[in-house]
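Participant: This is what each chain is made of:
2 protein chains.
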Amino acid sequence: MDATDTLSLTEHSHVTFPQGMVLDCGVALRRMDVAFRTYGALNEARSNAVLICHALTGDQYVAETHPFTGKPGWWDQVVGPGRPVDTNRFFVICANVLGGCMGSTGPRSARDNVTPPAPWGTDFPPVTIRDMVRAQKMLIDDLGIGRLFAVIGGSMGGMQVLQWAVDFPDAVFAAIPVATAAYHSAQNIAFHEVGRQAVFSDPDWYEGRYWERAKIPARGLAVARMVAHITYLSEQALTRKFGRRLQGAAKGSSAAIGMFGDMFEVESYLRHQGSTFVHRFDANSYLTITRAMDFFDLVTDHGGDLTAAFQGTKTRFCLVSFTSDWLFPTAGSRAIARALNRAAANVSFVEIPSDKGHDAFLLEEPDFHRMLAGFLGGCAEHAGLT
Amino acid sequence: MDATDTLSLTEHSHVTFPQGMVLDCGVALRRMDVAFRTYGALNEARSNAVLICHALTGDQYVAETHPFTGKPGWWDQVVGPGRPVDTNRFFVICANVLGGCMGSTGPRSARDNVTPPAPWGTDFPPVTIRDMVRAQKMLIDDLGIGRLFAVIGGSMGGMQVLQWAVDFPDAVFAAIPVATAAYHSAQNIAFHEVGRQAVFSDPDWYEGRYWERAKIPARGLAVARMVAHITYLSEQALTRKFGRRLQGAAKGSSAAIGMFGDMFEVESYLRHQGSTFVHRFDANSYLTITRAMDFFDLVTDHGGDLTAAFQGTKTRFCLVSFTSDWLFPTAGSRAIARALNRAAANVSFVEIPSDKGHDAFLLEEPDFHRMLAGFLGGCAEHAGLT
Chain A
5 MDATDTLSLT EHSHVTFPQG MVLDCGVALR RMDVAFRTYG ALNEARSNAV
55 LICHALTGDQ YVAETHPFTG KPGWWDQVVG PGRPVDTNRF FVICANVLGG
105 CMGSTGPRSA RDNVTPPAPW GTDFPPVTIR DMVRAQKMLI DDLGIGRLFA
155 VIGGSMGGMQ VLQWAVDFPD AVFAAIPVAT AAYHSAQNIA FHEVGRQAVF
205 SDPDWYEGRY WERAKIPARG LAVARMVAHI TYLSEQALTR KFGRRLQGAA
255 KGSSAAIGMF GDMFEVESYL RHQGSTFVHR FDANSYLTIT RAMDFFDLVT
305 DHGGDLTAAF QGTKTRFCLV SFTSDWLFPT AGSRAIARAL NRAAANVSFV
355 EIPSDKGHDA FLLEEPDFHR MLAGFLGGCA EHAGLT
Chain B
5 MDATDTLSLT EHSHVTFPQG MVLDCGVALR RMDVAFRTYG ALNEARSNAV
55 LICHALTGDQ YVAETHPFTG KPGWWDQVVG PGRPVDTNRF FVICANVLGG
105 CMGSTGPRSA RDNVTPPAPW GTDFPPVTIR DMVRAQKMLI DDLGIGRLFA
155 VIGGSMGGMQ VLQWAVDFPD AVFAAIPVAT AAYHSAQNIA FHEVGRQAVF
205 SDPDWYEGRY WERAKIPARG LAVARMVAHI TYLSEQALTR KFGRRLQGAA
255 KGSSAAIGMF GDMFEVESYL RHQGSTFVHR FDANSYLTIT RAMDFFDLVT
305 DHGGDLTAAF QGTKTRFCLV SFTSDWLFPT AGSRAIARAL NRAAANVSFV
355 EIPSDKGHDA FLLEEPDFHR MLAGFLGGCA EHAGLT
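Same order as they appear, the protein sequences are chains A and B.
Residues in the first sequence are numbered from 5 upward in steps of one, following our numbering.
Residues in the second sequence are numbered from 5 upward in steps of one, following our numbering.
Incorrect hints may have been included.
Note that the list lumps identical chains together, so a pair holds whenever it fits in one copy or between two copies.
Said to hold, decoys possible - Here are the computed lysine to aspartate or glutamate pairs in the EDC-like style, where the Cα-Cα straight-line distance is at most 20 Å:
no. : residue 1 : residue 2
1   : K245      : D359
2   : K245      : D301
3   : K318      : E385
4   : K141      : D171
5   : K219      : D127
6   : K219      : D208
7   : K318      : D174
8   : K75       : E15
9   : K75       : E269
10  : K75       : E368
11  : K318      : D171
12  : K219      : D80
The set of hints was computed from the structure by calculation and includes no laboratory data.
Keep in mind the model is a prediction, meaning the values are calculated, not measured.
So here's chain A without its partners, still in its complex pose (with noise of 0.2 Å):
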């Protein structure tokens, strides 16, 4: 990657807002650019859109063959043709995050009146999950959707439903948060931090400037992405895969022990885990998107009472969750549903038996994805959709 590279990143389709945004950091973003997708067709009625929000890592290539990286789309399984989001049916919107690296402004992107033009790199300013909703908002405006069938997200894309749901109770019928949280716990934030301390401890991180001497921060980000990956696996998920299988020299019992070289088949993963994702992944929209989970909290927000959040709500709730996910446990999912019942709410709220962990939101469950295209059915019903 070189300083040309991090500009040219307008491929992505995309719309740009020429007045910008205020973030609710208080900066003024001087113009906005928002990279999407979409799935199907819009109704005459435009009143079957679907928004998918991404988590993390995702980002807008749900549904189709990624153009970096050869791979199918993340949510492939779910969103298509026949699939519980079935695309014959729905209009499929999915977008970059702001502050991502896939063609959203993010610190990738040219710095407002910068001469010769820049990346913002480190410098940035921190956005919230709010303000990735709010881009959002404007985006549909721009489509002409007056109000979402439905919003769907897993893990910070349930943050995002859950703001949505927030900040914009009319415009959406349907939400559909899963294996997320209403705010980020103390263990996971410190997991993030320990991901920004690998990336900032990186000899190529440069303060964040390693765009001016065409480096990334490999090595810390890969190491970022590989605690980060531990703790979307469950502890059987990784017995199951590997257990304590060696692979190379090192075989048999303990006194077979080997230099480092000789690895244990989960090291060699986590290894190559690393390793590709930071061809894909921009090391400073990895600490800005971290930063919002991180800082999302909608308990706080509402004064310590999260059902205050959602009072008089109409829109409809499924709230999922995963046995075996230890990031992001049922606990939490219970806790805004019992929020949403004090206020009222219509919420259903379903616990799916998986040891897959909290990947499990993006891996092969039959239960989980007959469950989605069953209530999205109801709602389609409810809505008198056809």
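Position chain B relative to chain A; hints supplied.
Facilitator: Here is chain B on its own, set in the frame of chain A:
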């Protein structure tokens, strides 16, 4: 730290074995130092010796002010006059593990047959938990002790307790493995690997020859310590200690998001934990010892049957786990208890209710301490200790 420093560690009380030891990896150490501390007095029958085995980042300074950090001994609440491991009654020994950095032979020790003298560094051969225990056995023999009244340790210390009971059953009257397991799990190996990669990523790592440049890979080692520290605490402990409290200016709602200088209290705590650690611990030792833990697997060592490891044992076992310990969960101790029962061994197993996570074994836990005192008292009676 300069190269001279790394060789001047002989101020720790130690015994030198000029015959050295052949390690499990096949490398013969030409000489071997074992640094150790003792508390209390050995009785005439030499029957009141208690060996304490320390954990990953512990050392031999169990029950006295640490000569480097000036802090109280790491098990000051457990070992001492009138404490659960009562030094008025028992002769307590603790040795720095082989591969450590507090005076026992390890990566900071002078390499065999090299002129001018230079430390081993990353060329220090890999060691196993079994190697550590054999070095301790040589120390115990040297002290003229035929049988230890008890061997006690938590975490990696517990692994050593188990290895003692397996390799030298007649030399161990009572064994107390605390918060440990018969093998290191895939998840735990994964967390260790992240820590190692963080060290390798540090610009001051210099392929492990940092001492030649008078450097330490402080940032990488701090990141390793930070991730490990999170795993030592429970989510409840982190929340109770820090919650989502901010320090500095950025207080109030999530809209008050600050720049990266503004921190949650948990971040500041972790940074402190990381930065103090690097001054008392050697990076190469950290790599060596984490590797030893990763390779620990008593099940595989015994053809997949842990029961075989303990066949015919006369040792009295007391296994201890803590409810909120997710690094070494109760299931691991229960598996050992089952294997011991199948071997018709004398075994107690206590799960202590605690919300302090893995660290509980090092903290004020009155139930644990009462249990320890009670079990040792009962065993002392059986052993005919007055």
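Participant: Each hint needs a verdict: does it hold in this structure or not?
Facilitator: Each hint, compared with the structure:
For the homomeric pair K245 and D359, the shortest alpha-carbon distance inside one copy (12 Å) is at most 20 Å, but the shortest distance between copies (30 Å) is not. In this assembly of identical chains, the alpha carbons of K245 and D301 lie at most 20 Å apart only when taken from different copies (18 Å versus 34 Å within one copy). When the C-alpha separation of K318 and E385 is checked against a cutoff of 20 Å, the pair qualifies only within one copy, where the shortest distance is 16 Å, while the shortest distance between copies is 71 Å. For a Cα distance limit of 20 Å, the shortest separation of K141 from D171 inside one copy, 10 Å, qualifies, whereas the shortest one across copies, 67 Å, does not.
Taking identical chains as interchangeable, the C-alpha atoms of K219 and D127 lie at most 20 Å apart only when both belong to the same chain, with a minimum of 17 Å there against 31 Å between chains. In this homomeric assembly, K219 and D208 come within 20 Å of each other (Cα to Cα) both inside a single copy, at 6 Å, and across copies, at 18 Å. Taking the shortest alpha-carbon separations for K318 and D174, only the intra-copy value of 7 Å comes in at or below 20 Å, while the best inter-copy value is 72 Å. In this assembly of identical chains, the alpha carbons of K75 and E15 lie at most 20 Å apart only when taken from the same copy (18 Å versus 58 Å across copies).
For a Cα distance limit of 20 Å, the shortest separation of K75 from E269 qualifies neither inside one copy, at 23 Å, nor across copies, at 39 Å. Taking the shortest alpha-carbon separations for K75 and E368, only the intra-copy value of 16 Å comes in at or below 20 Å, while the best inter-copy value is 51 Å. Proximity of K318 to D171 under the C-alpha cut-off of 20 Å is restricted to the intra-copy arrangement: shortest distance 13 Å within a copy versus 67 Å between copies. In the homo-oligomer, the alpha carbons of K219 and D80 never lie at most 20 Å apart, since the shortest distance is 33 Å inside one protomer and 49 Å across protomers.
In the structure shown, a violation is registered for the earlier hints numbered 9 and 12, in ascending order.
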